[in-house]
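> Work out the full structure: start from the sequences and follow the hints.
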Amino acid sequence: MISRRTTLALAAGALAATAVRPARAASDPIIVNALGGLINPNRAIGREGPAPPMEADFDARSIADAKASGLTAVNTTLGYVFGPGDPYAETVRSLDTWDAILAAHPADLMKITRAADFAKAKASGKVGLIYGFQNAVQVGEHLERVDEFAARGVRVIQLTYNPENLLGDGSMAPANRGLTEQGRRVVAKLNEARIMVDLSHSGERTCLDAIAASKTPISINHTGCRALTDLPRNKTDAELRGVAEQGGFVGIYFMPFLTLDGHPKATDVVAHIEHALKVCGEDHVGLGTDGSITAIDDLAAYQGALEKEIAERQAAGIGAKGERADTYPFVVDLRGVNQFRKLADLLAARGVKPRVVDKILGSNFVDYARRVWG
Numbered sequence: 007m008i009s010r011r012t013t014l015a016l017a018a019g020a021l022a023a024t025a026v027r028p029a030r031a032a033s034d035p036i037i038v039n040a041l042g043g044l045i046n047p048n049r050a051i052g053r054e055g056p057a058p059p060m061e062a063d064f065d066a067r068s069i070a071d072a073k074a075s076g077l078t079a080v081n082t083t084l085g086y087v088f089g090p091g092d093p094y095a096e097t098v099r100s101l102d103t104w105d106a107i108l109a110a111h112p113a114d115l116m117k118i119t120r121a122a123d124f125a126k127a128k129a130s131g132k133v134g135l136i137y138g139f140q141n142a143v144q145v146g147e148h149l150e151r152v153d154e155f156a157a158r159g160v161r162v163i164q165l166t167y168n169p170e171n172l173l174g175d176g177s178m179a180p181a182n183r184g185l186t187e188q189g190r191r192v193v194a195k196l197n198e199a200r201i202m203v204d205l206s207h208s209g210e211r212t213c214l215d216a217i218a219a220s221k222t223p224i225s226i227n228h229t230g231c232r233a234l235t236d237l238p239r240n241k242t243d244a245e246l247r248g249v250a251e252q253g254g255f256v257g258i259y260f261m262p263f264l265t266l267d268g269h270p271k272a273t274d275v276v277a278h279i280e281h282a283l284k285v286c287g288e289d290h291v292g293l294g295t296d297g298s299i300t301a302i303d304d305l306a307a308y309q310g311a312l313e314k315e316i317a318e319r320q321a322a323g324i325g326a327k328g329e330r331a332d333t334y335p336f337v338v339d340l341r342g343v344n345q346f347r348k349l350a351d352l353l354a355a356r357g358v359k360p361r362v363v364d365k366i367l368g369s370n371f372v373d374y375a376r377r378v379w380g
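Numbering (the working numbering), first residue to last: 7 to 380.
Since the hints were made in silico from the structure, they are not lab data.
Being a predicted model, the structure only gives us computed values, none of them experimental.
No incorrect hints appear here.
Pairs of lysine-lysine, DSS-like flavour, derived with a Cα cap of 27 angstroms:
hint : residue 1 : residue 2
1    : K128      : K348
2    : K128      : K117
3    : K348      : K126
4    : K271      : K348
5    : K195      : K221
6    : K271      : K327
7    : K284      : K271
8    : K126      : K73
9    : K73       : K117
10   : K195      : K117
11   : K221      : K284
12   : K359      : K271
13   : K359      : K284
14   : K314      : K271
15   : K314      : K327
Quick look at the structure:
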């Protein structure tokens, strides 16, 4: 099951005024969020009892705000991530639910399974959904499940969450043991099935081992740069460079791990993007905000729910260093329906060329998808 914290963490659009200003006149780019969500986080605030699956917080406002932001597509987390329940059964149930949501909203949503689908989503005015996992425990020892998930439209599978699993170590696993033999088998199977191998949340050795093992480019869909902020959820230059040299993709998130104090601003997002550009080159860097678009309406109520969830995550051993009760899972001045336009303006003000800005906003992910999915 996906916890309330995961739902709340997908509120990177939180607390924003929702007035929409026109998009940049110079271009109307494809915008891809390499890790995010299509939810209304307000629905989770004040909810008592166990948190339901994240898709319970999908509603019409989720769609309207995503469209207002200019979003073309988002890699949305579905299936099991952590917690009680059977990982495989939870994942199949989640796939069934999202298939039903897509079927109920054919004028607004479409599933993205090929690189060509991004242009189709853009042209049709629909929001594209990329089916992705943030853990691979639902695969575990059962390699045949990779083919099953691929047939259901899953196109991204992250090898680990923060702790260790059968495939390797997450970023908070103390041993940093690297990719296991089963992990190597799963990477090979993902390559065969043309599914993206995502190394977000992984430990450094697991990431470097997977880069070496994979026969197709891999990704780190949501991260920051450890050279700027030395926290485990951020990636070293060796990891970033390895991904780029292999033809992969790095998405920079809008998360508290961008600064040691846990209170990053938009300028910190820009700094991490600029560092990633220096290490990876302009063809391999994009966005994976780890957030949704819809704004939180009641900060006080949200703060209480967030504090409770942080405590639960720490007690369960799945929290990351750098997340605390006083940190928000979003960037305070880069949120809401204008977040991508504001970031584009900030990058332009730093001298980033318009064509590079458009690469960062989405076309780099599309090109990466073409190399993996076809």
